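*Asks:* The residues making up each chain are set out below.
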Amino acid sequence: MSMPAYYTTKDKIWHYTFRVICFAIFFFLLAPILIMIPLSFNAQPFFTFTREMLTLNPDGFSLRWYQDFLESASWRRSIQNSFLIGIAATIISATLGTLAALGLSRSEMPAKGLIMGILISPMIVPLIISAAGMFFFFSSINLAQTYLGVILAHAALGTPFVVITVTATLVGFDHSLTRAAANLGASPTRTFFKITMPLILPGIISGALFAFITSFDEIVVVLFVAGVEQRTIPREMWSGIREDISPTILAVATILVLISVALLTVVELLRRRGERLRGMSPG
Amino acid sequence: MSDSSPDDGFVTFDRVQKSYDGETLVVKDLNLSIGRGEFMTMLGPSGSGKTTCLMMLAGFETATSGEITLGGNPINSVPPHKRGIGMVFQNYALFPHMTVGENLSFPLEVRGMGKSEREQKVKRALDMVQMGNFAGRRPAQLSGGQQQRIALARALVFEPDLVLMDEPLGALDKNLRERMQYEIKHIHESLGVTVVYVTHDQTEALTMSDNVAVFDDGRIQQLAPPAVLYEKPDNAFVAAFIGENNTLRGKVDAIDGSTCSVRLDNGSVVKALRVNVEGTGVQSTLSLRPERVVLGEGAAERPNSFEAEVLELIYLGDHIRVRMNVCGDDEFIVKVPNNADGRDMKVGQKAPVGWSIEDCRALDPS
Amino acid sequence: MSDSSPDDGFVTFDRVQKSYDGETLVVKDLNLSIGRGEFMTMLGPSGSGKTTCLMMLAGFETATSGEITLGGNPINSVPPHKRGIGMVFQNYALFPHMTVGENLSFPLEVRGMGKSEREQKVKRALDMVQMGNFAGRRPAQLSGGQQQRIALARALVFEPDLVLMDEPLGALDKNLRERMQYEIKHIHESLGVTVVYVTHDQTEALTMSDNVAVFDDGRIQQLAPPAVLYEKPDNAFVAAFIGENNTLRGKVDAIDGSTCSVRLDNGSVVKALRVNVEGTGVQSTLSLRPERVVLGEGAAERPNSFEAEVLELIYLGDHIRVRMNVCGDDEFIVKVPNNADGRDMKVGQKAPVGWSIEDCRALDPS
Amino acid sequence: DDPVSLTIVSWGGAYTASQVRAYHEPWMEMNPHVTIINDDGSANALASLRAQAQAGNVTWDLVDMLPSDAQLACEEGIIMPIDHDEMLAAAPDGTPPSEDFLPGSLGECFIPQILYSTVLTYRPGAFPDDAQPSSIADLFDVENFPGRRALQDRPGTNLEWALYADGVDPDDIYDVLSTPEGVDRAFAKLDTIKDHIIFWTEGAQAPQLLADGEVAFATGYNGRMFDAIEVEGMEAEIIWDGQVVEWDGWVVPADGPNLEAVMDYLYFATDTQRLADQAQFISYGPARASSSELVGQHADLGIDMAPHMPSAPENYFAPIVLDNDFWVDYGDELRERFANWMLQ
Amino acid sequence: MAQADATMMGGAGASSGTEKLVTAEGVPLKRALERAQRRRKLMAFALVVPLLAFILTVFVFPIAQMMWLSVKNDQIVNAIPRTLEELRDWDGRELPDEAVFAALHADLMEDLERPRREQATGPMGIRLNYELSAARSAVSRTARAASGFEAPYKEAFIDAHRLWGDPELWRIIKREGRPLTASYYVAALDRQYDEDGRIVQRDENRRIYVSLFGRTLMLSVIITGMTFLLGFPIAFYMSILPMRHANLLMICVLLPFWTSLLVRTSAWIVLLQQQGVINTGLVTLGIIDDENRLSMIYNMTGTIIAMTHILLPFMVLPLYSVMRTIPPSYMRAAKSLGATPWTAFRRVYFPQTLPGIGAGGVLVFIISIGYYITPALVGGQSGRMISNEIARHIQQSLNWGLAAALGTMLLVGVLALYWLYNRLVGADSLKLG
Ligand SMILES: Nc1ncnc2c1ncn2[C@@H]1O[C@H](COP(=O)(O)OP(=O)(O)OP(=O)(O)O)[C@@H](O)[C@H]1O
Ligand SMILES: Nc1ncnc2c1ncn2[C@@H]1O[C@H](COP(=O)(O)OP(=O)(O)OP(=O)(O)O)[C@@H](O)[C@H]1O
Ligand SMILES: [Mg+2]
Ligand SMILES: [Mg+2]
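First to last, the protein sequences are chains A, B, C, D and E.
For the first sequence, the working numbering begins at 9 and goes up steadily by one.
For the second sequence, the working numbering begins at 255 and goes up steadily by one.
For the third sequence, the working numbering begins at 255 and goes up steadily by one.
For the fourth sequence, the working numbering begins at 112 and goes up steadily by one.
For the fifth sequence, the working numbering begins at 10 and goes up steadily by one.
Don't read these hints as lab results, they were simulated from the structure.
What you are looking at is a predicted structure, and each value in this text was computed from that prediction instead of being measured.
The beta-carbon is built from N, C-alpha and C at its ideal position, and this holds for glycine as well.
There could be a bad hint or two in this list.
Here are some chain A residues pointing at chain C (derived, C-beta under 10 angstroms) [what the hints assert, rightly or not]:
1. Tyr15
2. Trp22
3. Glu116
Result set (DSBU-like, lysine-lysine): computed pairs, CA atoms no more than 30 angstroms apart in a straight line [stated by the list, open to error]:
4. E:Lys183 with B:Lys336
5. A:Lys202 with E:Lys50
6. B:Lys600 with C:Lys428
7. C:Lys336 with B:Lys439
8. E:Lys163 with A:Lys120
9. C:Lys505 with A:Lys18
10. E:Lys39 with B:Lys336
11. B:Lys486 with A:Lys202
12. B:Lys439 with C:Lys604
13. B:Lys377 with A:Lys202
14. A:Lys20 with C:Lys486
15. B:Lys428 with C:Lys428
16. B:Lys439 with C:Lys428
17. B:Lys486 with C:Lys486
18. B:Lys600 with C:Lys439
19. C:Lys336 with B:Lys428
20. C:Lys486 with B:Lys600
21. C:Lys486 with C:Lys505
A few chain B positions that, by computed beta-carbon distances, are all more than 12 angstroms from chain A [claimed, not checked]:
22. Thr266
23. Val364
24. Leu570
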């Protein structure tokens, strides 16, 4: 951005200071991730930069923690679990959440405020309380320490994100499109699958991604509800931190960050595609 | 102007009422009958219930009471997607994720039509609106006028008997708008389809329609062909809403068959056509078109003739609007064609104005 | 019509250019001078650079090259908040979290004015736009027209010498629009403030302005008072953009001082005023206003006279548009006043048309 | 035999690994139809056991827990009472289990397995060579031994040490602590080092804090400290003075699904040889007297394990034996007091 | 053609304001409308029902059930019904008389006959121990020995454990011998019952929860404030950038959001500890000397830094989505009216971001007030929060009633805050990018 001719020196200083401050904050956001990646190549079993690493001596670096991770059966299982639980929970929350958002965005929906409040309560209620409640409840109906229990718990935690994003997408949704479809002779079901669904798909996907990440990064409920069979990645990291803090978790995290970057890119591309479809110029 | 011969009652509204909130009636006791092949326009100010009527006809709103029939059958219990009515939405409502071709093909597809037949019909519809080459484009890649044509083609491609259009030209600029008015009118005539058209632009209504229903406050104020509407408004609202209008207020002095004399507030007496006057002594609004007022030579010979003063001249290209003081009314407008006669008028100048009895209509007081 | 006596150069644009992306010029070599007290309108199609000019004047965009002066002083290095220019934005930009009174008080407050003086000025400004009772409302509680008036009052309350308005009436419906046009014009006259007004509605431009600058493609195509613009367009773009217009195309046959003969494609020869014709043999566009065409009796006496056929009659209330075939052009429009003469025309009827030389202008080919 | 799968709950990490190698693997070799699932839920085992029992859905077969938790669970009736002589193997010389297990270690529902201790560890680099700390009293001496101290964020061990450092005889500590004056005295002693404390919660944090150089002293479980020092080469020394010793062992959830297999496993896994074997993998002392002589070398490092056992005579000179009854009775109150003290 | 004739109308319209509106057929308008709307309402509701049912069963019901634990109190009633009966008329001053002890003996004996899993004295001992230390061993020791007791039982009991001679224990038995109790809430508020059954403050050195709630609240406020201070500039910066660049920066915001919490927390340990990256860097640069390394972790600072980092995206996302929708013309209008850029920002721009600040603030505050993992790992003694205490009571001390009481209080606070927010700003403004 070029500066206007009327800027005084003070204006210019502020102009640059503001940018410096912003980049400092962005740096703050990224610092832990930036620190984590080199440490995952540490040759030593500690979370500190060794002298070799600082002098860029190749001996200070190794792939042993990646190897550790790839060879460990429990890590492998936890990855399977994380994906299994995450995907199953996401499917449940995306389906139910999208349906509910469709209902909520209808103007004739009764008691909208109350229902919305209940539906997003999993996001509002402190996790420890949710976890404790589910722990007692699931124990009493034989769902504790089962996959189904963890999946249901995570689905509940993920739905608010789907409801919120899909509702927001529907606010911008042009309802005359569904009317047009009905007018052209399409039944309500057909209208949903051919018109509504393709158009709100970006919202569903980004809500689903939020739900997936919620499950994928969730530890408190897992600690309470899951058994050893259902250990997820965060749960495995948790015992890593309790037992012996080895850089394996950093290796895992580095890999996960790469996955996150990929997912974020997908979201961004989807968003641009969505805007193109809706006729806005991609920004 | 109307050259269709409406077999009364292809679409009828029978004592239809509509309320959204249970407290106020948005449509109040609507009775309306539209003939097959007719181009019928609903005209009215914003909020007068035009869209609501259209939506009830299309099935997106339910009438609170009363009955709507289509081709003689009540349609209250027919869901929208089974009514077979084409509709052009105000914002076109083209499906953004489909190409133009897919948009047009959609109504045929849901009717289970075969691929080759579909393609053929789509092509014919596109050609009709002169957009034959655009089948592969997305709506976002079209200009407003082009989108409008596609919306029209889509509403017609499945050959409905009835097409509804809700202010389809509202978002277009003047030039494009005029071109599209012409095209829609042309298509209506060549296909013989029945059209219910909503607008709040009176020029549009007058130009295009066989019949115009003037809406206000949830009621039809007058239903008539354009010329009748302009020449013979039934009440003050219609007179004021259609075209430009000078209004003079006064009390009815005497009634003489189809004419009457009205004494204005400044004492002048005006002779006018008796249209909507109950008796002598009541208040009345006189309505007079600016272009029917004769200014200068010839004015004195008219049955109504007054001395007037030019207050303002407003140049409008093809004509000049002259604001004058006539019978104590400062807002009296006279339209003078912008040709030799009109060019040398001056502010402050005095001149006689006059008009004939049949051009001045005595209406209800409001 | 213009009764202000502009002391040329209160605002000047001197060879101003503007590019947003460094590749295309959005404003190309703009020279413009606006006198104190003048009502100057920028008129042009969408994307022609009108808003950009206004933004440069207000200080929200910087000119890529050239100089803008205000009251004789270059303003490039004056930040927007010190320019003291009032501005009415297209969407009004009323601060939604402040009441109407607070909105109006804001410019006075930032100038450090005392409370009682502020209140007094706010009150006066509100009264000026007849919104005296609305000081306590929030913008969201006002209708479009009311918001518009508040925006106007806010732009004027701190008594700027110059007020900019960017399509302030774009969002209003026709009736409101006309009333507001009148009010703005009225305020301009009573305050004597300089106004730069942007619109793409030609009627608005013609009605309100002392001078109109017609923009196209980043250039001023013509800068003139409304009557001159309509009567004597400099080029085909202006002719087509302002008012309705019949265009006939042909080759210049002969030039005779200030007139010329043009041979149309169907062989007819038309005599026209030579305005923008380089020499014989070149292509030219003839521009002729529909209302200047004489139809029927008297037509044969004009220097240009042809036999024509009525193709369509369009009823428009105060006049009838007659589409005719003249000299092979099917889209030739003649406007006939809606009075006794015009009422008995028929489609298919043949009639002579004619016009005088000075009403027909030979312009550049495009 | 039908395939059976046993869920055995323990502490995870190196400790579970030692059990897998010493008990699970040899036993599964003998019982190929059984698979063992290791769950590291011991830290919260009591809560889960209670929840499972209340739900009537017990999924755990065998749980490794501390004797104080075992006592509570036993009183609630959610774990089985054990007849040690009936159910467990005698020593090779025929001594019945009730006499072979170290005195005071058996519980009504509890089968001890190991003796572990909480010990004080320090970083030699933090002090001059000629003034290295050597006793619990040094932990409370900030004058001569400056630097931060990592203590566990609970009253157990800390209060005992405070009194011990204040001159109370190890045998009298719990009597003193049962009186309000004794508690005040302990907290007063803790006050003297309050500003130098970093609290740790999870077992792995203590060695990590030492390794990172964050603290000069750290308390920690002796097995974990052994691992950090001997296996991973951390520079630290253990002070055995005032080590707080405690048992750890098995309990059997009542109404567990595979009782028969569990009993078979327990008979095998608690015999003299197996307990001694476990000491090859981790430096916790076997709970049977008869196992002590069999303790050999570390399975991977090849160093002699006996000197690293809490129970080794040279280490067991001033032990404080954790009184579970005391902590079950007074734990809630003292935890509140301790939490209050931490908050101040 | 039919012209709307306005003469006969079923009272609809202007006639009289108070009269009920009816349709042309005479059906009241409201009812006719309701009939037409019912189907649509049902349709809309049917779409919501699956999720609503799901959330109610797996989420709302379990929490309600947990909250029930905070008043449930059947341990003593189950174990010694006869004793409680005898105690009914006891005045609560002197030791109860022999009849009560005899009843207690009978109760204990009956309990011993039951299968072990159903014995009620164990849970009763544990329950009593929450109120009075060592009450558990009094019960368990006596229960084991009771079969050998002979009348008079009073002495026998007091011999078995000294606490039976303490009227305090009997007062507690009497007070808690009811199926519902408030004593968990009393404890959660750092109160206790005195000899006369009045609720009084606890000993100063046993008060924790109130100040812990206070600390939690304070930390949450600080964290919310920090996320606002850091989040506002970057949200603003992103909102004035072209979309393409803003989305790039948005990835910087979302990336940490999507990186495991545990990893981020560990990374902060690496960065902040005394021998960590920042301290070492500062020492190397000579800004601080080796002895005075900053302690930035295992204390409140650590909690604040790590949680601010973790919760920052929750502030930035709603702020950004609000800022994006504020048209630049407002700032321009303010400047054209003569406001300096700073005034324009303060008076015109900032107030319009308030819904975003509200949404972000409430989200961050609510999440941080219930935070658990990060304070546990980096909080040290001064950075712990109420959730850690709740978790400890559930998992370690097993005082589920107290945990439920603390949780209920926390939940009520959070819900009240959310309700307030909903009233003031509206939950619809909750957006996530
Ligand atoms: N869904 C609705 N709920 C409640 N009231 C409505 C609804 N739709 C329209 N109305 C109200 O009904 C009245 C008539 O609205 P309608 O849309 O039919 O007017 P219109 O004549 O189409 O106006 P416009 O020219 O502005 O489109 C208005 O007062 C409007 O506020
Ligand atoms: N901020 C900007 N960045 C890049 N290009 C711009 C920007 N603003 C305007 N333009 C381009 O500059 C040209 C002129 O725009 P401008 O807004 O001045 O037109 P306008 O005459 O005001 O049109 P309208 O009548 O539609 O408001 C257009 O092509 C537009 O796309
Ligand atoms: Mg409408
Ligand atoms: Mg513009």
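*Asks:* Decide, hint by hint, whether the structure agrees.
*Replies:* Consistency of the hints with the structure:
| no. | hint | verdict |
| --- | --- | --- |
| 1 | Tyr15 | holds, 8 angstroms |
| 2 | Trp22 | violated, 13 angstroms |
| 3 | Glu116 | violated, 24 angstroms |
| 4 | E:Lys183 with B:Lys336 | violated, 74 angstroms |
| 5 | A:Lys202 with E:Lys50 | holds, 24 angstroms |
| 6 | B:Lys600 with C:Lys428 | holds, 28 angstroms |
| 7 | C:Lys336 with B:Lys439 | violated, 55 angstroms |
| 8 | E:Lys163 with A:Lys120 | violated, 64 angstroms |
| 9 | C:Lys505 with A:Lys18 | violated, 64 angstroms |
| 10 | E:Lys39 with B:Lys336 | holds, 28 angstroms |
| 11 | B:Lys486 with A:Lys202 | violated, 50 angstroms |
| 12 | B:Lys439 with C:Lys604 | holds, 24 angstroms |
| 13 | B:Lys377 with A:Lys202 | holds, 22 angstroms |
| 14 | A:Lys20 with C:Lys486 | violated, 50 angstroms |
| 15 | B:Lys428 with C:Lys428 | holds, 13 angstroms |
| 16 | B:Lys439 with C:Lys428 | holds, 23 angstroms |
| 17 | B:Lys486 with C:Lys486 | violated, 39 angstroms |
| 18 | B:Lys600 with C:Lys439 | holds, 19 angstroms |
| 19 | C:Lys336 with B:Lys428 | violated, 39 angstroms |
| 20 | C:Lys486 with B:Lys600 | holds, 21 angstroms |
| 21 | C:Lys486 with C:Lys505 | holds, 21 angstroms |
| 22 | Thr266 | holds, 20 angstroms |
| 23 | Val364 | violated, 4 angstroms |
| 24 | Leu570 | holds, 37 angstroms |
The earlier numbered hints that this structure contradicts are 2, 3, 4, 7, 8, 9, 11, 14, 17, 19, 23.
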